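Novice: Using the hints provided, position chain B relative to the given structure of chain A.
Residues per chain, in single letters:
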Amino acid sequence: AQSVTQLDSQVPVFEEAPVELRCNYSSSVSVYLFWYVQYPNQGLQLLLKYLSGSTLVKGINGFEAEFNKSQTSFHLRKPSVHISDTAEYFCAVSDYGSGNTGKLIFGQGTTLQVKP
Amino acid sequence: DTAVSQTPKYLVTQMGNDKSIKCEQNLGHDTMYWYKQDSKKFLKIMFSYNNKELIINETVPNRFSPKSPDKAHLNLHINSLELGDSAVYFCASSQRTGNEKLFFGSGTQLSVL
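Chains as they are written, first to last, in our numbering: chain A, 224 to 339; chain B, 3 to 115.
If we strip away everything but chain A, and leave its shape as in the complex, we get:
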């Protein structure tokens, strides 16, 4: 069975500072990894995804994430945050083994609070 752990429930940061949101996963098979963002009162939007290839993945709004297989991590980073980045961020994993159903397992979410 797969699981996802987001190590921080809340991350407060000042505007224009860098930020890292941490995500670890466990799986007995190879996985695809995703980061989604949820703005207040909205559905989730895909920020970026890792399927294969380069371990550094660039997404929308200046975010990037690095897949580290040995540490089973997929941390999300942004070098300089804006007030508008304040939102809930979800890490998710999906297997692509046999019987692949496209089911996403989500982490508990991390609230990014950007302060002026």
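Read the hints as simulated data drawn from the structure, not as lab findings.
Treat the hints with care, as some may be off.
To list a few chain A residues with every Cβ distance to chain B over 10 Å, as calculated [said to hold, decoys possible]:
| id | residue |
| --- | --- |
| 1 | 235 |
| 2 | 238 |
| 3 | 239 |
| 4 | 284 |
| 5 | 306 |
| 6 | 339 |
Restricting the straight-line Cα-Cα distance to at most 27 Å, the calculated cross-link-like pairs of lysine-lysine (BS3-like) are [what the hints assert, rightly or not]:
| id | chain 1 | residue 1 | chain 2 | residue 2 |
| --- | --- | --- | --- | --- |
| 7 | A | 272 | A | 292 |
| 8 | B | 43 | A | 272 |
| 9 | A | 281 | B | 103 |
| 10 | B | 46 | B | 103 |
| 11 | A | 326 | B | 69 |
| 12 | A | 272 | B | 103 |
| 13 | A | 292 | B | 103 |
| 14 | A | 326 | B | 43 |
| 15 | B | 38 | A | 272 |
| 16 | A | 326 | B | 42 |
| 17 | A | 281 | B | 46 |
| 18 | A | 292 | B | 46 |
| 19 | A | 326 | B | 54 |
| 20 | B | 43 | A | 281 |
| 21 | B | 46 | A | 326 |
| 22 | A | 272 | B | 73 |
| 23 | B | 42 | A | 272 |
| 24 | A | 326 | B | 11 |
| 25 | A | 326 | B | 73 |
| 26 | A | 338 | B | 42 |
Please read these numbers as outputs of a predicted model, since none were measured by experiment.
Quick reminder that beta carbons are idealized off the backbone N, C-alpha and C, glycines included.
Specialist: The following block gives chain B in isolation, referenced to the frame of chain A:
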């Protein structure tokens, strides 16, 4: 045009009632999903349909019944509502079953009193 639209946005009802949430996607996607987000923002899949065929049915009480009249619609009917059903329900779609990008609706906040 909204890609994935669900109605109603808010639903307040009494315990024991039956209610439905509708979802439509205009993206031409083959696969649709229902997710439940609890008060702690934990998001969990409930169902998925691919071309009107049930693909995923997680451990969900049989009071919850999804219905897909065509691949652009996936409705969620809930019988005998309970207090614990209070949550935000999200509909989503993807181009096909697999590991494609999911497009989410804006959610239905269900409050059972």
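Novice: Work down the list of hints and note, for each, if the structure agrees.
Specialist: Right, here's what the structure says about each hint:
For residue 235/A, the shortest C-beta to C-beta distance to chain B comes to about 17 Å, beyond the 10 Å cut-off, and the non-interface label holds. Distance check on residue 238/A: its Cβ is at least 24 Å (rounded) from any Cβ of chain B, clearing the 10 Å threshold; non-interface status holds. Separation of residue 239/A from chain B is adequate, the least Cβ-Cβ distance of about 27 Å exceeding the 10 Å criterion. Residue-level check passed: residue 284/A sits 15 Å from the nearest beta carbon of chain B, beyond 10 Å.
The claim that residue 306/A lies off the interface holds: its Cβ sits roughly 21 Å from the closest Cβ of chain B, which is beyond the 10 Å cut-off. For residue 339/A, the condition that its CB be more than 10 Å from all CB atoms of chain B holds, with the nearest at approximately 24 Å. For the given pair, residue 272/A sits about 15 Å from residue 292/A by alpha-carbon distance, which is consistent with the 27 Å threshold. For the hint pairing residue 43/B with residue 272/A, the CA-to-CA distance comes to about 21 Å; that is within 27 Å, so the pair holds.
Distance hint between residue 281/A and residue 103/B is fulfilled; the C-alpha atoms sit about 15 Å from each other, no more than 27 Å. A distance of roughly 16 Å separates the Cα atoms of residue 46/B and residue 103/B; the hinted pair therefore holds under the 27 Å criterion. With a C-alpha separation of about 19 Å, the suggested pairing of residue 326/A with residue 69/B holds against the 27 Å cut-off. Distance check on the hinted pair: residue 272/A and residue 103/B sit about 8 Å apart at the alpha-carbon level, within 27 Å; holds.
Taking the CA atoms of residue 292/A and residue 103/B, the gap is near 22 Å; set against the 27 Å cutoff, the hint holds. Of the pairs offered as hints, the one joining residue 326/A and residue 43/B holds, with about 18 Å between alpha carbons and a cut-off of 27 Å not exceeded. Between residue 38/B and residue 272/A, the direct Cα distance comes to roughly 22 Å. Compliance with the 27 Å bound is thereby established for this hinted pair. Only pairs whose Cα atoms come within 27 Å are accepted, and residue 326/A paired with residue 42/B is accepted, the gap being roughly 21 Å.
Of the supplied pair hints, the one linking residue 281/A and residue 46/B holds, its CA atoms being roughly 26 Å apart against a limit of 27 Å. Taking the CA atoms of residue 292/A and residue 46/B, the gap is near 25 Å; set against the 27 Å cutoff, the hint holds. Our distance criterion of 27 Å between C-alpha atoms is met by residue 326/A and residue 54/B, whose separation comes to about 17 Å. For the proposed pair residue 43/B and residue 281/A, the alpha carbon gap of about 25 Å is at most 27 Å, so the pair holds.
A distance of roughly 10 Å separates the Cα atoms of residue 46/B and residue 326/A; the hinted pair therefore holds under the 27 Å criterion. As the CA atoms of residue 272/A and residue 73/B are separated by approximately 25 Å, the hinted pair is consistent with the 27 Å bound. Between residue 42/B and residue 272/A the CA atoms are separated by roughly 24 Å; this keeps the pair inside 27 Å, and the hint holds. About 25 Å separates the Cα atoms of residue 326/A and residue 11/B, which keeps this hinted pair within 27 Å; it holds.
With a CA separation close to 18 Å, the supplied pair residue 326/A and residue 73/B stays within the 27 Å bound. Between residue 338/A and residue 42/B, the direct Cα distance comes to roughly 23 Å. Compliance with the 27 Å bound is thereby established for this hinted pair.
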